[in-house]
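K.L.:
Letter by letter, the chains look like this.
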Amino acid sequence: MISLKNISKSFGSTMVLKDVSFEVARGEVVCLIGPSGSGKSTILRCINGLERHDGGEILIDGQPLSPSTLRAVRGKVAMVFQRFNLFPHRTAAENVAEGPIHVLGQPREAALDRARALLADVGLGDRCDNYPAQLSGGQQQRVGIARALAMSPRAILFDEPTSALDPERVGEVLKVMRKLAEQGMTMVVVTHEIGFAREVADRVLFMDGGRIVESGPAKAVLANPTQARTREFLDRVLNPL
Amino acid sequence: MNGLETFFSDATTFLPILLRGVVVTIGLTASALVASLVMGMAWALMGLSKSSAPRLVSRLIINTVRGVPIIVQLFYVYFVLPELGLQMDAFIAGALGLGLAYSVYQAENFRAGFASVDPALIEAAEALGMSERKIFVRVVLPLAVRVALPPFGNTAVMLLKDSSIASTITVAELTRAGQLLAVSTFKNMSVYTLIALLYLAMSLPLTFAVGQLERKFARR
Chain L
0 MISLKNISKS FGSTMVLKDV SFEVARGEVV CLIGPSGSGK STILRCINGL
50 ERHDGGEILI DGQPLSPSTL RAVRGKVAMV FQRFNLFPHR TAAENVAEGP
100 IHVLGQPREA ALDRARALLA DVGLGDRCDN YPAQLSGGQQ QRVGIARALA
150 MSPRAILFDE PTSALDPERV GEVLKVMRKL AEQGMTMVVV THEIGFAREV
200 ADRVLFMDGG RIVESGPAKA VLANPTQART REFLDRVLNP L
Chain R
0 MNGLETFFSD ATTFLPILLR GVVVTIGLTA SALVASLVMG MAWALMGLSK
50 SSAPRLVSRL IINTVRGVPI IVQLFYVYFV LPELGLQMDA FIAGALGLGL
100 AYSVYQAENF RAGFASVDPA LIEAAEALGM SERKIFVRVV LPLAVRVALP
150 PFGNTAVMLL KDSSIASTIT VAELTRAGQL LAVSTFKNMS VYTLIALLYL
200 AMSLPLTFAV GQLERKFARR
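Respectively, the protein sequence lines represent chains L and R.
Position 151 (the first sequence) corresponds to 150 in numbering that gives the first Met the number 0; numbering is contiguous.
Position 2 (the second sequence) corresponds to 1 in numbering that gives the first Met the number 0; numbering is contiguous.
Don't read these hints as lab results, they were simulated from the structure.
Here the structure is a predicted model, which means the values were calculated and not measured.
Just so you know, not all the hints are guaranteed correct.
[Stated by the list, open to error] Computed beta-carbon distance windows for the label pairs:
(1) G84(R) <-> R70(L): 27 to 35 Å
(2) A227(L) <-> A52(R): 53 to 61 Å
(3) E22(L) <-> R58(R): 44 to 52 Å
(4) P239(L) <-> E213(R): 42 to 50 Å
(5) P68(R) <-> A163(L): 47 to 55 Å
(6) P239(L) <-> R214(R): 45 to 53 Å
(7) L196(R) <-> R70(L): 56 to 64 Å
(8) S162(L) <-> L199(R): 52 to 60 Å
[As the list claims (entries may be wrong)] Looking from chain R toward chain L, a few residues come up when the C-beta cut is under 8 Å (computed):
(9) A123
(10) E125
(11) A126
(12) G128
(13) M129
(14) R132
(15) L140
(16) P141
(17) L142
(18) I168
(19) A171
We treat Cβ as the ideally placed atom computed from N, Cα and C, and that holds for glycine.
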């Protein structure tokens, strides 16, 4: 469903992605882990064209990503952001209905009804008319997930969806994500939540210095990493003291 | 008769004449405000352009217009342009001249508004697949307006007061109507007190109206 072939990307003279290749099958949940600055977020941003990759090819459902296919691709691949990025001048329901109304051209009332149903699914049925500033971080991120779902995407990209949350609020977002995974949503998740990766991901990719250092089934990579760099990273994350 | 009685008896005689000036002042201010918003938005959008030529032109216009006194700009539009073959009615010359003079302040207000929009929100809209035009109308503009409104209110009140400069190019607005009354009656105190009160009677509601707008847009 998503296929990256030999992707490279530089910011100025700094090479942030070096020959990155991987595939995500339909219904698969792939977690990208690794230290800050390793290129995880840049990969996600390349997949839906927020950043333009310099070399290599990205295929979404067999369709190559290019300026002319960009908007079609964005209709298929939704994004959830670390800092939620909700529109502050619109209510939760309006945020969720924004894409369906103004990109997909759905009638306003029908789109708002569906938005309320989606918000109810993520446990925010009573928060539809609140503005983002009136919601906690965890609630805002669940609105962000509902906003992504409203586009009926084939896949959702999550860019550190719980990194900006109070520790107590992380669980409510991860639960929603686990439910999506169980429903068969294709997901690529950049995360520091090793527990989530172990429990929910089919596959884990460990990145460092712009390369994929190690990849494989989640439980195997996380329990018995073969690469020294992966072991070092996991050891620091799991035993910070 | 004491002073206050004189003032009130003068007021009943002068007010009908001055109110005709008030009508012209309101019309002039409103026209100049619209002209300044249209031109100001144009300068601001040129300033946001990806290519450098429009940005340069925008900067040039803003710095030039801001550096020339408003009264000179009005004289230029009303007295110089006819020599170049562009004749216009005093009211239109006043509205255009004031509009141009104020467009640069509006442009700076808009620019501050645009600069305040979090790029992450534009990315969120892009990620939804919104077109550039939709992003501007649905995300950038409403958020920019929210920030630009308080300085806009200030600019609008200043424009109302500076519309009195159009009296120098024979527009029969409030100040001009008052001057004519004062020189023909010598009742300076009554006339200029009435003029001051009439300007206040316009500027205070204007301030209030902009405040209401701010509240409407600020809903979280």
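K.L.:
Against each hint, give a clear statement of whether it holds in the structure.
P.N.:
Against the structure, the hints:
The hinted window of 27 to 35 Å between G84(R) and R70(L) is violated, with their beta carbons roughly 49 Å apart. Distance hint check: the CB atoms of A227(L) and A52(R) are about 55 Å apart, consistent with the given range 53 to 61 Å. Between E22(L) and R58(R), the C-beta spacing of about 49 Å keeps the proposed range 44 to 52 Å intact. Range check, P239(L) to E213(R): about 47 Å between beta-carbon atoms, so the 42 to 50 Å window is met.
Taking 47 to 55 Å as the suggested C-beta distance range, the pair P68(R) and A163(L) conforms, at roughly 51 Å. Distance hint check: the CB atoms of P239(L) and R214(R) are about 48 Å apart, consistent with the given range 45 to 53 Å. Between L196(R) and R70(L), the C-beta spacing of about 58 Å keeps the proposed range 56 to 64 Å intact. With their beta carbons about 54 Å apart, S162(L) and L199(R) fall inside the hinted range of 52 to 60 Å.
The beta carbon of A123(R) comes within 4 Å of a beta carbon in chain L, closer than 8 Å, and the hint placing it at the interface holds. Taking 8 Å as the C-beta cut-off, the interface hint given for E125(R) holds, the closest approach to chain L being about 6 Å. Given hint, A126(R) at the interface with chain L, holds; its Cβ is 4 Å from that chain's nearest Cβ, closer than 8 Å. About 4 Å separates the beta-carbon of G128(R) from the nearest beta-carbon of chain L, less than 8 Å, and the hint is met.
Restraint check, M129(R) versus chain L: the minimum CB separation of about 6 Å is within 8 Å; hint holds. A cut of 8 Å between beta carbons decides the hint on R132(R): the least distance to chain L is about 10 Å, and the hint is violated. Given the 8 Å rule on beta carbons, the hint for L140(R) is violated: about 10 Å separates it from the nearest Cβ of chain L. Satisfaction of the interface hint for P141(R) is found here, the shortest Cβ-Cβ separation to chain L being roughly 5 Å, below the 8 Å cut-off.
With 8 Å as the threshold, the beta carbon of L142(R) comes within range of chain L, its nearest partner Cβ sitting at about 6 Å, so the hint holds. Using the Cβ-Cβ criterion of 8 Å, the hint placing I168(R) at the interface with chain L is not satisfied: the shortest such distance is roughly 42 Å. Proximity of A171(R) to chain L is violated relative to the hint, the smallest CB-CB distance being about 43 Å (cut-off 8 Å).
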